[in-house]
Structures are given as C-alpha cells and as structure tokens.
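S.K.: Going by my numbering, the sequence shown opens with residue 22, and the numbers climb by one from there.
Note that these hints are calculated values from the structure, not bench results. Quick caveat: nothing in here was measured; it's all calculated off a predicted structure. Even glycine gets a Cβ: it sits at the ideal position worked out from N, Cα and C.
What follows is a set of in silico ranges between Cβ atoms, one per label pair, in the way DEER data are often shown: (1) Phe-80 - Pro-51: 41 to 49 Å; (2) Glu-69 - Ile-38: 13 to 21 Å; (3) Phe-27 - Gly-52: 19 to 27 Å; (4) Gln-76 - Gln-55: 25 to 33 Å; (5) Gly-41 - Glu-65: 17 to 25 Å; (6) Val-74 - Leu-48: 32 to 40 Å; (7) Ala-75 - Phe-46: 34 to 42 Å; (8) Asp-50 - Val-72: 30 to 38 Å; (9) Gln-76 - Tyr-31: 18 to 26 Å; (10) Gly-41 - Phe-80: 36 to 44 Å; (11) Ala-78 - Pro-51: 37 to 45 Å; (12) Pro-51 - Gln-76: 36 to 44 Å; (13) Ala-78 - Ser-47: 40 to 48 Å.
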Amino acid sequence: MNAKSFDAKYFREKAAICQGLADGFSLNDPGRFQLMDIAEDLEELAKELEVQVAQQAEFAPAIRTRAAS
Numbered sequence: 022m023n024a025k026s027f028d029a030k031y032f033r034e035k036a037a038i039c040q041g042l043a044d045g046f047s048l049n050d051p052g053r054f055q056l057m058d059i060a061e062d063l064e065e066l067a068k069e070l071e072v073q074v075a076q077q078a079e080f081a082p083a084i085r086t087r088a089a090s
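Using the sequences and the hints, build the whole thing.
M.R.: Listed below in structure tokens is the structure:
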C-alpha cells in the first residue's frame, strides 16, 4: 500500500464496485459469489475503521489534556 489514508468511505466505494460487478454475473456464477464476499469484507473493514476513528475521537481530549500538563 502507498501512503494514502484510507477511510470508511473508500472501502464502501470499493464494496459498491464489487457489488455492481457481481450483479453482472449470473446468479449461480462462482465469480459472483467471490465478488459478493469481497464486498462484504470491504464493508466490514469500513465498519471496523469507523469504530477505531470513534474510539480515537473519544480518547483524544484526554490525551491532549495529559500532554498539556
């Protein structure tokens, strides 16, 4: 990976691309299942990243207060 900062939006966009591609396959095509699995994994990454960002935002004021003392 390069130095680009990934956010939840990035992973959701990639998941939507995978879902769109999967829609082009027949319902029983193995490629469709693989793309849907990838889309689910990307959605999960987005959710995990949102949780991490929320936790960091929650603890950031306490860290700044300690650093200022």
